[in-house]
Amino acid sequence: MSDETTNPMREAIQSAISENPVILFMKGNPDQPACGFSARTVAMLQSLDQPFAAVDILPDPRIRQELSALSNWPTIPQLFINGELVGGCDIITEMYQSGELQEALGLDTASAGQSAPEPDAVEAPPLSIETLR
Amino acid sequence: MSPRYARGVSATPEELKTRIEAAIPGATASVTGDGHHFNAVVSAPAFQGLPRLAQHRLVYDVFGSEVGDRIHALSIQTRSSETENRR
Chain Y
1 MSDETTNPMR
11 EAIQSAISEN
21 PVILFMKGNP
31 DQPACGFSAR
41 TVAMLQSLDQ
51 PFAAVDILPD
61 PRIRQELSAL
71 SNWPTIPQLF
81 INGELVGGCD
91 IITEMYQSGE
101 LQEALGLDTA
111 SAGQSAPEPD
121 AVEAPPLSIE
131 TLR
Chain L
1001 MSPRYARGVS
1011 ATPEELKTRI
1021 EAAIPGATAS
1031 VTGDGHHFNA
1041 VVSAPAFQGL
1051 PRLAQHRLVY
1061 DVFGSEVGDR
1071 IHALSIQTRS
1081 SETENRR
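Chains as they are written, first to last, in this note's numbering: chain Y, 1 to 133; chain L, 1001 to 1087.
What the hints contain is simulated information worked out from the structure, not anything from laboratory work.
Note that CB positions come from ideal geometry on N, CA and C, so glycine has one too.
Errors might be hidden in some of the hints.
Cβ-Cβ distance ranges computed for the label pairs, FRET-style [to be verified]: (1) 46(Y) to 1014(L): 24 to 30 Å; (2) 83(Y) to 1039(L): 36 to 42 Å; (3) 83(Y) to 1012(L): 34 to 40 Å; (4) 117(Y) to 1032(L): 20 to 26 Å.
Heads up, incomplete: computed chain Y residues facing chain L, CB under 7 Å, no partners named [unchecked claim]: (5) 74; (6) 84; (7) 87; (8) 91.
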C-alpha cells in the first residue's frame, strides 16, 4: 500500500475531479467504451448533449484502485459533477429517467421521463476484459 | 471476510441474497445473475431517508473487495420499503 501523504496517482485523480465540472471515469473511452455499463453511461450523457471529461481506468490498475479508495465506491463507471460522486450506471440511469440527472447538470428537464438510451454496440464492445475471464 | 467466500469460487444469486438479507436489518433482496454479473433489487427500512448513493453503498459494503473481483459486476436497485416501488 502506498503512503497516502505522497500519492501522485490519487492527487492526479483528485485534481482531475476538481478541475472538470463533469467527469466520467470509465472503461475505454467515449468513442470505444470497453464495458456495457460505461457505454450506457456515455450514451446518456451524449443524449443530453452534455460535454464531459472522460478518464479510461484500464491502462493502469492503480487508477481504479486509487479512484475507489478516494470515492468509497467499488465499481466503474463513476460520474462526478462539480467535484461530487453522483453514482455509477444504475444510479445515473434512475436519475436520467426521473430528470434528476438533468437537474444536477443544470439542464432543462424536458427529456425527463424518457427511458435511458441504449448505446449502439453493447453486444460487441471492441475490447471487453470481462468476456476474457 | 469468511473463508467460505474464497477467491475463484463462483458466487451464486442465492449467496448474495442471503448475505444482503443477513447484513442489512429487515432487508428483502431479489438477486439474479450468472455467477459473475449480478442484479440485486433490495428493499430495506434502513434505506429510508438516505440518498440513493448511500443506499447503494450499504449494499456494496456487504461484499467489500469482492465487488469487482469475485463478484465481477453488481447492479443495484434500492427501495426503502416493499410497498414503495419508485421514489
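These are the hints, each one checked on the structure:
Distance hint check: the CB atoms of residue 46(Y) and residue 1014(L) are about 38 Å apart, inconsistent with the given range 24 to 30 Å. Under the hint 36 to 42 Å, the C-beta atoms of residue 83(Y) and residue 1039(L), about 30 Å apart, miss the expected range. For the hinted restraint 34 to 40 Å between residue 83(Y) and residue 1012(L), the CB-CB distance of approximately 39 Å keeps it satisfied. Checked against the given bound of 20 to 26 Å, the beta carbons of residue 117(Y) and residue 1032(L), roughly 23 Å apart, stay inside it.
Interface hint status for residue 74(Y): upheld, as the beta-carbon distance to the closest one in chain L is roughly 4 Å, under 7 Å. Look at residue 84(Y): its Cβ only gets to about 9 Å from chain L, farther than 7 Å, so that hint breaks. The beta carbon of residue 87(Y) is positioned within 7 Å of a beta carbon in chain L (closest approach about 6 Å), and the interface hint is therefore held. A least Cβ separation of about 5 Å between residue 91(Y) and chain L falls short of the 7 Å threshold, and the interface hint therefore holds.
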